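Turn these sequences into a full structure, and let the hints guide you.
When you line the sequence shown up against numbering that gives the first Met the number 0, it's residues 0 to 628, in that order.
Where hints are given, some of them may not hold.
Unchecked claim - With beta-carbon atoms standing in for the labels, derived distance ranges:
hint : residue 1 : residue 2 : range
1    : 301       : 492       : 44 to 54 Å
2    : 417       : 113       : 37 to 47 Å
3    : 360       : 527       : 50 to 60 Å
4    : 228       : 175       : 27 to 37 Å
5    : 173       : 609       : 45 to 55 Å
6    : 527       : 209       : 48 to 58 Å
7    : 457       : 323       : 54 to 64 Å
8    : 456       : 498       : 47 to 57 Å
9    : 272       : 553       : 21 to 31 Å
10   : 326       : 456       : 47 to 57 Å
11   : 552       : 510       : 16 to 26 Å
12   : 141       : 39        : 15 to 25 Å
13   : 257       : 82        : 42 to 52 Å
To be clear, the hints were calculated from the coordinates, so they are not data collected in a lab. All of these numbers come straight from a predicted model, not from anything done at the bench. By construction, the Cβ of each residue, glycine as well, lies at the ideal position given by its N, Cα and C atoms.
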Amino acid sequence: MKKSLNFDIIVIGGGHAGIEASLASARMGLKAALITMSAQTIGQMSCNPAIGGLAKSHLVKEIDALGGEMAKITDKAGIQFKILNKSKGPAVWATRVQCDRALYRRYALEAVSSQEGLEIIEDTVDEILFNNGRILGIRTPKGEYFSQAVIITTGTFLNGLIHIGLKNYPAGRVGEPPSTGVSQSLLNMGLKIGRLKTGTPPRLNAKDIDLSVMAIQDGEVPPPPISIFTKEITNPQLPCYMTFTNEDTHRIIRENLKNSPLYSGVIKGVGPRYCPSIEDKVVRFKDKERHQVFLEPEGIGVDEYYANGISTSLPEEAQISLVKSIAGLEHAKINKFGYAIEYDFVYPTQLKPSLETKLVEGLFLAGQINGTSGYEEAAAQGLMAGINAGLKIKGEAPTILGRDEAYIGVLIDDLVTKGTEEPYRMFTSRAEYRLLLRQDNADLRLMEKGYNLGLINKDAFDMLLYKKDAVAAEIKRLKSERCKPDSVNPLLRKVGSTEIKEDASLYKLLKRPEVSYSDIIQISPPEKELLPDIINQVEIQTKYKGYIRRQAEHAEKLKKIEMVKIPEGFVYKGIPGLSNEIVGKLEEIRPLNLGQAGRIPGVTPVAVSLLMVAVERQRRYASKEGRDI
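Printed below as a string of structure tokens:
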């Protein structure tokens with residue numbers, strides 16, 4: 000019997016974007032539905048079993064600070080926690096967490112299934128229903144479901160096509176069928192669709208691997224949680240291992256390129272530049288004698304390793320040969336072969352910064368459908384799509400994070416302003432204000448927003464206020480307390496720092512690179528022992544104050560340009576000095592302000608100046624007539 004049910008928001012897809020979108024919607028008090036082919040695959044880690052890494056952990060911690068779930072699930076499933084870039088400055092410190100794949104799925108399903116106001120529906124979507132540029136709901140084999148907003152988070156499932164050698168077959172991932180109706184619905188709406196490609200390496204049976212010839216890669220002790228809400232990591236911790244390809248491996252790959260779907264022209268989609276297949280590495284880096292291969296455990300008590308570094312779509316026999324050519328893997332057996340997958344995506348310049356489509360009101364897109372790669376990028380978009388769909392239904396303005404506020408802001412602004420022709424991956428180099436956007440201060444930057452949205456509870460927000468006060472109080476104490484040369488010079492000699500000749504404040508001493516907070520408390524400890532997180536903030540804010548202040552001032556100056564809004568429906572054609580090409584770009588993107596306009600590829604600083612004059616002229620004209628623009 001056909002069903003006809005009503006929801007406020009329908010989320011299509013149970014991956015990392017879908018989890019965050021559906022949870023945010025329900026936690027904002029809305030009636031939400033999560034449509035997935037199977038509830039048991041909610042939170043599936045289709046590629047490597049890890050969360051975080053360079054720049055990606057910044058996204059995870061921002062999701063956490065806003066009230067999302069990814070970091071919490073990661074801590075529950077984590078089996079190795081590692082801090083990357085520890086020898087560099089705090090702006091590029093990053094946390095990477097190896098996860099138990101099955102545990103991650105289990106805790107993701109628990110989070111979604113226990114959420115009040117959220118219903119899980121196991122079904123497939125045949126069609127997105129819309130009329131007169133407005134979303135209506137969805138049609139499935141079981142019936143029709145109506146809603147005020149639909150969020151599509153389908154990952155690699157849109158017309159997914161798996162390639163192993165010259166063989167290919169339709170699938171969203173191994174063992175699961177693709178989604179075909181959704182792509183046709185998007186085309187019917189008038190959205191422009193492209194084709195991308197990604198891939199995965201083989202999974203190896205642990206029993207047949209010689210780990211003794213490999214370099215061991217241990218995690219941190221004790222493991223540092225990635226969520227600010229996690230007190231302690233309780234899972235057993237496991238090591239990873241590193242080995243290398245060699246000339247024999249590369250010879251096998253070169254000999255089999257004729258059977259590679261990527262190099263024989265079978266694959267049409269564009270692959271990720273920064274996460275290439277082993278075939279790409281061998282072809283592009285001809286002079287490189289070897290490439291790293293990391294063996295990452297799939298879980299506690301699981302006799303399987305993910306062979307990170309040899310993502311491939313070569314034929315099965317070639318995969319067997321190349322694996323056996325690697326030191327330590329001579330007798331390895333492949334449990335699951337690597338493969339490439341092609342899938343549809345929507346060019347993201349067709350989205351507003353809220354992630355709502357420009358063509359169809361109430362339709363939001365998040366994750367790989369927008370051209371991104373990675374669990375973290377997907378989850379960040381899912382969270383913001385869920386938030387903004389909820390705000391739209393409530394009749395409130397969307398939450399748009401600035402490039403100076405969050406990596407999430409950089410991610411979404413890049414997508415909707417610049418677009419992408421290849422799978423987009425987050426890097427710290429993409430953020431102009433990375434000293435302001437550190438992973439350690441995500442809660443200080445964003446938790447208040449999460450609290451105001453109803454995604455952070457009062458206890459957590461009160462803890463944030465306590466932390467802010469404690470950091471400020473300790474910095475104030477360090478500035479006021481002074482020490483004499485006799486009392487501090489022995490310590491300065493010990494740490495290799497220049498001795499002082501007159502009294503100096505503790506704050507001034509802590510600014511020195513050689514002096515740590517642990518040194519300072521030997522001279523004068525605070526009345527109460529401080530939490531490690533507070534100590535970390537005190538030290539960073541003291542040592543990098545000048546750099547942070549300069550970057551904040553620069554961001555504030557640029558905000559004056561950002562704040563010059565461009566009226567909705569503004570007519571670009573006819574502005575003196577603007578070329579037809581630039582007018583075309585502005586009409587396509589429809590920037591919200593001059594800052595966004597200036598980031599559109601091909602829009603010159605001169606064009607932005609001309610646009611500023613035109614906007615100001617229209618504002619003055621409207622003001623004379625008593626209108627707002």
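Here is what the structure says about each hint:
A hinted range of 44 to 54 Å holds for the C-beta pair residue 301 and residue 492, which are about 52 Å apart. Under the hint 37 to 47 Å, the C-beta atoms of residue 417 and residue 113, about 39 Å apart, fit the expected range. Under the hint 50 to 60 Å, the C-beta atoms of residue 360 and residue 527, about 54 Å apart, fit the expected range. For residue 228 and residue 175, the Cβ-Cβ distance of about 32 Å falls inside the hinted range of 27 to 37 Å, so the restraint holds.
Between residue 173 and residue 609 the beta carbons are some 53 Å apart, a value that agrees with the proposed interval 45 to 55 Å. Distance hint check: the CB atoms of residue 527 and residue 209 are about 52 Å apart, consistent with the given range 48 to 58 Å. A hinted range of 54 to 64 Å for the beta carbons of residue 457 and residue 323 is consistent with their spacing of about 58 Å. A hinted range of 47 to 57 Å holds for the C-beta pair residue 456 and residue 498, which are about 50 Å apart.
As the Cβ distance of residue 272 to residue 553 is approximately 29 Å, the hint placing it in 21 to 31 Å holds. With their beta carbons about 51 Å apart, residue 326 and residue 456 fall inside the hinted range of 47 to 57 Å. For residue 552 and residue 510, the Cβ-Cβ distance of about 19 Å falls inside the hinted range of 16 to 26 Å, so the restraint holds. As the Cβ distance of residue 141 to residue 39 is approximately 18 Å, the hint placing it in 15 to 25 Å holds.
Range check, residue 257 to residue 82: about 43 Å between beta-carbon atoms, so the 42 to 52 Å window is met.
Hint violations for this structure: none, all hints satisfied.
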